[in-house]
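On the provided structure of chain A, position chain B as indicated by the hints.
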Amino acid sequence: MVDVKAYYWRRVRVITVIFLIAWITIAVVLPVAAPLLKGVRVFGLPSMHWYINAFIVIVIGVILIFIYAALMNKLDRDLKKKVSEEELL
Amino acid sequence: MNLTSPINATIIATICWILCSVLITIIGGEFLGSLIIVIGSIFIYLVLAVTLRSTSVAHFYVAGREIPAIVNGAATGADWMSAASYLSMAGAIALMGYDALPFVIGWTLGYTLMAFTIAPFVRKSKTYTVPELLERRAGGWGPVRTTAVIMIFVMSLTYLTAQLVGVGVVFSRFLGLPATVSVFIGVFGALAYAWTSGWRSITWVQFLQYFVMIIMYCTPVFIAAYFLGLLPFPHLQYGNLIQEIEMREMAFNLPLMTEPFVRAIGGGKGPINWIFFALVLMLGTMGLPHILVRFYTVRTVHAARVSVGWALTFIGLLYVTASLYAAIARHSFSALWGKPFAEVMNTGWIQKWLPTGLIKIADKNADGILQPAELVFHGDIVVVGMPDMFGMLWVIAPLVAVGGLAAALSTADGLLLAMSTAVTRDIYKRFINPQATETREVLIVRILLAVIGFIGAVMAYFALKDPGFGVYVVLLVGWAFVFAASTFTPIIMLGIFWKRLNRYGMIAGMITGLLIALPYIILVGIAKLPPIELFGDKIGTIGWGIFGFFGNAIAAVIVSLLTKPEGPEVEKFVESMRLPD
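These protein sequence lines map, in sequence, to chains A and B.
Start counting the first sequence at 1; every next residue gets the next number (our numbering).
Start counting the second sequence at 90; every next residue gets the next number (our numbering).
Next up, chain B with everything else stripped away, as it sits in the complex:
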């Protein structure tokens, strides 16, 4: 048996992990066992990454363009689903009900549009990075490439910080370890997987991480569904559960969980803001660099098309489960309303989670009965607390943590690599040292991985230390979608479908998009000025991104028409993107 083949090595590492976890649990108890389960998972991925090591630039930049469609789909899913999707989205739905559903449709349906407007054409362009694609499209004009690299950093660096914060949160929520220290464990893992062979190693690691993540996410839901009698298809059977929640809400005169447009989202309110918010998340998805890169890594254009389908299948599995999670958690919470305080305090999971501050209980009107307003919960309790709500075996909780860690690490990896390869190929190789050898390029990528990883970890450390700064990290991740939607997305779409688009149009579009999006974010999002109202609906900073998107497209078209066309070489490039080989 060949011990160094990726599959064998991973299986052996997994067996070691299980044996160690069992052994340590028997010797050292549940806490040490949990610790080994969670940290051990990092080492399984490491073993897989090391077996895939390579020093070829094609492996680093585009995984050698040899990833099968279904594997690429799963890796896209892991790349995409972050610590926030895994830990916090179900909680957001439990807290905000219908008004949090833009997260569900906004973070999924972008893939459908991307499948027929961007993905196959990006693969067909035969370039290595998005800035390179844009430069080719602009007739080899350097400034477009540089602008694109800067935009990649604007979008990815805060996003990376948020992932590393997520790692810290996983460790502190599940194991009670200090989040600030755990950040550095996380960044070590992410770095190591990308270090071995860039996109090649992280694609296969992400493939594994996807299945870890989805199994760990669904396990508690299905166990809970068993207790609630919702098997075998809880996703198709939770109607009565929602109805029970609604009855309890009505009994206490609360706005229903399913009632549309009663709560604010993204700083705005009402149906217009609701749909704008969802659309900006969709359009932003299509412009995020670590997702666009994914379509370079497949074998053929055919595979690129199919791989988007698999990606949304895999992503959709988690997203349709989130609303079920939310319903089950809200059902557990609402069961406590109207109960005497003594009884509530004796509930096992309340006792366990009260000290963490994720649940707060206070008898405000001193009547000895728990009113809904007297039970305040943090969104994260929905996923991390579910195993306790139903008294599941202790081992479920660390397994859920393993999934959360996989979600955070896989996304962090994609971002780290998107940034490092952009600087290496689009700045170093393009402008500084065009004669660089392969060995040199790989070395630069690896150095940058370490540098950017360290910067991300330090930022995450401060975000966790100073909650005021942490709030901005969360907001900035949302704004990354605004920036993507108002800079890259329209330009790439126009570049494929409209030959007349030229270099000046591209720059004008990106600048106009930014000029529309950025001041609103600064004035409304940071300086807290009142938002603009459209037909009586307040438009939040994220929803506003829709104007950045259209402003970008309009400016690009007008400026292109006013200046001279790019000429035959660019036309040939566009045609080569459109036609099959």
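Pulled out of the complex, with its shape left as it was, chain A reads as follows:
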């Protein structure tokens, strides 16, 4: 039981660190680096340095939350299954 809980928290920490890095990428690295892309235009979009901050990072931010929720909710279900299996033994 204790092992399963420790395992769970270790996994949570790994997931949290990965998402922290992802967050730093969209909230700090991309916005700071954006001006380097001035004048880069794709299709009918505005220049990328503008569009990254006005649109792209927000969309990625939303997607990240849903991925995190899916991963964690699955991890929670796995833990529950393991705990109930152990109780059966």
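Among the hints, a few may not be true.
[Unchecked claim] Chain B regions said to be covered by chain A (calculated; three or more residues, Cβ under 8 Å):
id : stretch
1  : 205-214
2  : 407-417
[Stated by the list, open to error] Quick partial rundown of chain A residues pointing at chain B, CB under 10 Å, derived from the structure:
id : residue
3  : Trp9
4  : Lys38
5  : Phe43
6  : Ile58
7  : Gly61
8  : Glu85
It should be emphasised that the hints constitute simulated quantities derived from the structure, not laboratory data.
Keep in mind that this is a model prediction, so the values were computed, not measured.
Glycine included, each C-beta is placed from N, C-alpha and C at the ideal position.
Here is chain B on its own, set in the frame of chain A:
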């Protein structure tokens, strides 16, 4: 049919609202019709709130913890997006271009960080309020709770004032009614929704208000996009619009709208200040009490995680539309540059808005041609004036006002309730009368709602009467983010992820954060001393908050390590926050 069910009652009220608006318009004309459209919307929310009335404390504090994730997400969005987001942000981007983009990323990406560092754990703590959570984390030590309540007031009271000022602005901009009087109409609405059953009634009202707000915000943009040939996906197609604006700016030797770091923001300038400003807004978002409460109101931890995703989806919709709004408005303005004065003066929307003072035109060099510098506009014209720029049907303008009112009222409600419940549960029930009955608690919440609402309304009244005071209200809202980022945010994050954090560390962290943030705000923000420069970039008062955040975290860690750990009971509490049921 059950007429008192919330859905039926709301539908019936909406039908009445439409019928009344049409009837009054036919009888009394456009102005009276607009008035009924705007004020009638307040009554629809009221009908919904009344059908949800209750006297259970669980409903008042945490909406009975029974709100579905997607509804909670929309309600968070309405809670979050204020009159300033709705009315002024697009204008700020139109005026300041690239240098206003920290508002867009700063007021959205905080949710992403919050989703995996705070939201699910707050729900899991099973507490009712943030001060209660902090006290439990500090081993039941009262002073932490009291400090937290004081901080909630510091952050929320000016914010509430700003929302009520927003209500006044909506009424005066769209209907020409005196803003000072309208404030009291607004506070009546906000009070009534919270009065009926606290977080339960306002959550569902906010859910409705979110959709009202986003539809009314997007309608003029999509109509304008139709005229400009930007349909079906204007957000993906406005590149050429921006290019046209840039060409006009180049023709007049102006700095480009999209040029980074040429204008000041938050009292500072340059790339370092730009990113600090955005980060403080993000970190501040995570510590604002009326947003944190939102994660108590969902059914499960799973729902809490998903609900943050919906919240940012709904919030993001408005924020990505803001830069489109700004581009369209700037396109309309820049079309007038270089035109003869007589022609400009004959433009319909210029004629309509000149008397309001939101647009100022003066032929300074007397050449009969409008130079860009001779056309000055207030940021608010972008949203309120858009329907006129494209000659839309008159009814669009009052509908946009309905959206603005929804934005202001929903945020005001969240703030009012965050403050009233904090005093009731964290001061009255905790320290004064621990044996208080449920009826008594609900009564206290309701009395406090009225008192705090009245205080907010009076402050808003003075802010509108005296523009000098009004300026400080706007600044104080920005500083609320600095206070949140340098007091609550680091402590809550550390409290979840670091077991060793103890009561002394928490207090030391919050005080250190304040001691770093507050003097800079007083000296630079109020006494107007020159700001500190980092690598040649001036750091504004908001950007400075980043040092409050890290100062808080460092002080909390050092003091915790120097004093004794909290012991097994707190460790168990932390573990219960981390593990699923």
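Quick rundown of the hints versus the structure:
Against chain A, the stretch 205-214 of chain B contributes 3 residues with a C-beta closer than 8 Å to a partner C-beta. That satisfies the three-residue criterion, and the hint holds. Against chain A, the stretch 407-417 of chain B contributes 4 residues with a C-beta closer than 8 Å to a partner C-beta. That satisfies the three-residue criterion, and the hint holds. Taking 10 Å as the C-beta contact cut-off toward chain B, the hint placing Trp9 (chain A) at the interface holds, the least distance being around 6 Å. For Lys38 (chain A), the interface hint holds, the least distance from its beta-carbon to any beta-carbon of chain B being 8 Å, beneath 10 Å.
A cut of 10 Å between beta carbons decides the hint on Phe43 (chain A): the least distance to chain B is about 7 Å, and the hint holds. Below 10 Å, beta-carbon pairs count as interface contacts, and Ile58 (chain A) has one with chain B at about 5 Å; its hint therefore holds. Of the supplied interface hints, the one on Gly61 (chain A) holds, with its beta-carbon coming within about 4 Å of a beta-carbon of chain B, less than 10 Å. Checking Glu85 (chain A) against chain B by beta carbon gives a least distance of about 16 Å; that is not within 10 Å, so the hint is violated.
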